[in-house]
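K.L.:
All chains, please: the whole structure from these sequences, using the hints.
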Amino acid sequence: MMVVTNNPLVRERLPEEMNLLWVDGGYEDVIVAVRNRVHRGHRLLTHPLAGSVKPYETPYRTIFLSDEATDLHHPSLSVLEQAMALLNAFKGKAGGLNSLRTYRDEHLPDLQLVDYGLVETVIQQQPTMHQSLEQLLREE
Amino acid sequence: MKLELGKVFIEDVQFGESTHLDGRILVIDHAELLEAVSGDEHLWKIRVDLAHPGESVRITPVKDVIEPRVKVKGHGGIFPGMLSKVDTVGNGRTHAMKNVAVVTAGKVVGFQEGIIDMSGIGADYTPFSKTHNVVITAEPKAGIKPHDHEAALRTLGLKAAAYLGQAVKDVEPDEIKTYETLAPREAAQLYPELPRVGYVYMLQTQGLLHDTYVYGVDAKKIVPTIMYPTEIMDGAIVSGNCVSACDKNPTYVHLNNPIIEDLYEEHGKTLNFMGVIITNENVTLADKERSSNWTAKLTEFLGLDGAIVSQEGFGNPDTDLIMNCRKIEEKGIKTVIVTDEYAGRDGASQSLADADPKANAVITNGNANEVIVLPPMNRLIGTTAYVDSCAGGFDGSLRSDGSIEVEIQAITGATNETGFVHLSADAY
Amino acid sequence: MAKKKVVHYLNQFFAGIGGEEKADMPPELREGVIGPGMALNTALGEEAEIVATIVCGDSYFNENPEISKQKILEMIKPFEPDLFLAGPAFNAGRYGVACATVAWLVQEELKIPALTGMYIENPGADLFRKAVYIVETGNSAATMRKAVPGMVSLAKKLLHGEPIGLPAEEGYIPRGIRRNVFKEERGSRRAVNMLLAKLKGDDYQTEYAMPDFDRVPPADAVGDLSHLKIALVTSGGIVPKTNPDRVESSSASKFGKYSIEGVEDLTAEEYETAHGGYDPVYANEDPDRVMPLDVLRDMEREGIIGHIHEFFYSTVGNGTSVGNSRAFGIRIGKELREAGVDAVLLTST
Chain C
1 MMVVTNNPLV
11 RERLPEEMNL
21 LWVDGGYEDV
31 IVAVRNRVHR
41 GHRLLTHPLA
51 GSVKPYETPY
61 RTIFLSDEAT
71 DLHHPSLSVL
81 EQAMALLNAF
91 KGKAGGLNSL
101 RTYRDEHLPD
111 LQLVDYGLVE
121 TVIQQQPTMH
131 QSLEQLLREE
Chain L
1 MKLELGKVFI
11 EDVQFGESTH
21 LDGRILVIDH
31 AELLEAVSGD
41 EHLWKIRVDL
51 AHPGESVRIT
61 PVKDVIEPRV
71 KVKGHGGIFP
81 GMLSKVDTVG
91 NGRTHAMKNV
101 AVVTAGKVVG
111 FQEGIIDMSG
121 IGADYTPFSK
131 THNVVITAEP
141 KAGIKPHDHE
151 AALRTLGLKA
161 AAYLGQAVKD
171 VEPDEIKTYE
181 TLAPREAAQL
191 YPELPRVGYV
201 YMLQTQGLLH
211 DTYVYGVDAK
221 KIVPTIMYPT
231 EIMDGAIVSG
241 NCVSACDKNP
251 TYVHLNNPII
261 EDLYEEHGKT
271 LNFMGVIITN
281 ENVTLADKER
291 SSNWTAKLTE
301 FLGLDGAIVS
311 QEGFGNPDTD
321 LIMNCRKIEE
331 KGIKTVIVTD
341 EYAGRDGASQ
351 SLADADPKAN
361 AVITNGNANE
371 VIVLPPMNRL
381 IGTTAYVDSC
391 AGGFDGSLRS
401 DGSIEVEIQA
411 ITGATNETGF
421 VHLSADAY
Chain P
1 MAKKKVVHYL
11 NQFFAGIGGE
21 EKADMPPELR
31 EGVIGPGMAL
41 NTALGEEAEI
51 VATIVCGDSY
61 FNENPEISKQ
71 KILEMIKPFE
81 PDLFLAGPAF
91 NAGRYGVACA
101 TVAWLVQEEL
111 KIPALTGMYI
121 ENPGADLFRK
131 AVYIVETGNS
141 AATMRKAVPG
151 MVSLAKKLLH
161 GEPIGLPAEE
171 GYIPRGIRRN
181 VFKEERGSRR
191 AVNMLLAKLK
201 GDDYQTEYAM
211 PDFDRVPPAD
221 AVGDLSHLKI
231 ALVTSGGIVP
241 KTNPDRVESS
251 SASKFGKYSI
261 EGVEDLTAEE
271 YETAHGGYDP
281 VYANEDPDRV
291 MPLDVLRDME
301 REGIIGHIHE
311 FFYSTVGNGT
321 SVGNSRAFGI
331 RIGKELREAG
341 VDAVLLTST
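Going line by line, the protein sequences match chains C, L and P. Note that the UniProt record's numbering numbers the first sequence so that position 11 is 11, with each residue one more than the last. Note that the UniProt record's numbering numbers the second sequence so that position 355 is 355, with each residue one more than the last. Note that the UniProt record's numbering numbers the third sequence so that position 322 is 322, with each residue one more than the last.
These aren't lab readings, by the way, just hints derived from the structure by calculation. Don't be surprised by glycine CBs; every beta carbon is placed ideally from N, CA and C. Just so you know, not all the hints are guaranteed correct.
Now the stretches of chain L that chain P is said to cover, found in silico as 3 or more residues with beta-carbon under 8 Å [stated by the list, open to error]:
| # | stretch |
| --- | --- |
| 1 | 259 to 265 |
| 2 | 297 to 308 |
| 3 | 331 to 341 |
| 4 | 360 to 366 |
The calculated BS3-like cross-link candidates involving lysine-lysine, where the alpha carbons are at most 25 Å apart (straight line), are [said to hold, decoys possible]:
| # | chain 1 | residue 1 | chain 2 | residue 2 |
| --- | --- | --- | --- | --- |
| 5 | P | Lys198 | L | Lys358 |
| 6 | L | Lys358 | L | Lys2 |
| 7 | L | Lys98 | P | Lys4 |
| 8 | L | Lys297 | P | Lys200 |
| 9 | L | Lys297 | P | Lys71 |
| 10 | L | Lys130 | P | Lys111 |
| 11 | P | Lys200 | L | Lys269 |
| 12 | P | Lys157 | C | Lys91 |
| 13 | C | Lys91 | P | Lys130 |
| 14 | L | Lys331 | P | Lys200 |
| 15 | P | Lys146 | P | Lys157 |
| 16 | P | Lys111 | P | Lys198 |
| 17 | P | Lys198 | L | Lys269 |
| 18 | P | Lys198 | L | Lys331 |
| 19 | L | Lys358 | P | Lys200 |
P.N.:
This is the structure we're talking about:
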């Protein structure tokens, strides 16, 4: 399982055996990094949008991909493109998510925690689950 | 399973000597209420305030809203698995204190949610401006983790609602409604000529501040299952969801789920209401696939002709909603989905994060991005220190005169996706 | 009270200057009212009058969009109009695109309310329905009399800054703008009602229409190509030099069918593109870049594909209406099927 994140807390708490892809950037950069890998045949294991958190409410995002790359996985691409369309819709005429930003710098540690909290179960299940998670999607 | 729901209509709430009902006035013993809810090691400085409809009061950040209820007859107690034992509830008799709500408020993490204005334009957008609110705020002790803080606040609210509910236990209700759902075989025989209809109830279950509990079980750990609707009226489903104030389901909405009420209203007349399928909204796509496969399977298992599917939350759950809709339709079962929109401030953007041509019957509860200006209020319960950072708030939204420019997504219950309110959106 | 000022836009045809042969006329300013402007002006009555009319050839506008836009804006500005009207364009594709483009520009750049009218399948409607008010009209100029009252009634509302109602009430093509409203019944009750209607098979109106899914599911992979007959079809406008069938550079009303029997390579000497919607330099240098006959001939020789169909089909997808495109597709498909073609390589631009 490949973990694409820009959240320092996820990086810190991620078990060593998991494949980390660190993104030095914002929410959209994570989505773009994931898209690029989906284009190369990796599959989305988690939904690109975070819980009910809007893309302008947090700078952090963590998304899980399959380690294995095969042919382009259309369901993954489709979910991702929908998420990107929504992201772009939120940018509006100003052209950036920043114009809608709702958080302050002092909240960054909390936002890291919320992002981590949304993927915590996936990380914890990892020793028993990650194989099957990838297999589940592969056998579609 | 049969539940008599007795409603006691309250006209005012006051502090006084002992907690009791004085005619239609709820009198609350302040000290006793504090005593009843305290005891959590994580919280201190617990405060109780009252807010009445029409008053110039703003409550924020709101965490949960709960209706006081009490079990009078039948198995178990209110909020099973949370406050009471895990007996199966939903039968016998329950009393509900109408026009009163417990509101918990306070900061859990940096980004904060939920405004209830008791008057002004904001009051039109929240259903909880019409209730007499008993607002409980509490400070976390130093070093408490957000998980524990959220759990402590959640329990505090449930305890307060259960405590106040006791006041209507021995009161003759103003109105008694009987709700009955039979087991599928008998139910199908009861009205063989009517279409069999079910309700697919999606629960937000993604992790920290995004959780919902069923009989005390964290619902992200369940596979979809079937419930009698009356179980939910007894508090079998409890909110731990703090994110997306406008379209999360506070515990109050679970207790008074309007889709369940309105399906019962037609039960035996135009349709045969067979029961509720609860399902979750997951993080992984494999879990989403599994849960939606199960909901579709259960609609078939119940022999349904039609189903209403309601969503909770924004974005990621759109995918669960569309998967549920598509798979249920593929079973040949007619569906209506209930959602809200994020179409941007100008209303011109794509409204949902997912779509499917099979979703051809949609109820919308409005565009959550609509901007309104909330006028200043004379009294504030909680703090506006987080208004800039609440969902839908944005830089500079708190003006110097105390008015707030926000998207309605900051308002508790504004676009609730069970159709609890009257807001909708038209295409221009 | 002084009458409010309106500027009107027309193409060369409706201005009475001429047909296709005059379609390359650059924008011109005419004082007063011309052609359909008369009826609009009369209907505007005491409240407003058309003070000037801008006329521009359809081809000129489509082929010189930047200059046209700039000139037209410069012509409108000095009048400081209270409203801008364009068309109606009915089902004229290039005219519709021009009307909607100019209306949008006036609205965005000059901050003046603008309005146009056209048939719902006009490509201009598809491109600009979200951005500007487009009154829905019939598909030909014969419906002018019906179109005028609708346009004028919406025009008056825009002139007075009155709130604009729902598309069905006002007669404009839905823009897809979502606006909140409190409904009589709560959402749950509406959901129950909708489900009952759906179960009975009665009509019901969804409150949120899913995006338009005019999608064709991709066909299954054909697998082994070595025994199949493959045809080439393009909307990139590749035609034999001098464009013998005069396939239009935009808003195509036809497609061409050409033999490539014995042709190994599409050379710059013998082929070109008729397309007016993209820079043709690279396509004209080597038309294989749009429709790769050279590579397919190699594959034919190597036995990767069976053989290439004797004819290729070509049209232009530049402002061509959905209706025309659909009709072309059906006719081409039928001919290919009759010719025993197994698979088609469809290239765009």
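K.L.:
Failing hints, ascending?
P.N.:
As far as the earlier hints go, 6, 7, 9, 10, 12, 16 are violated by this structure, in ascending order.
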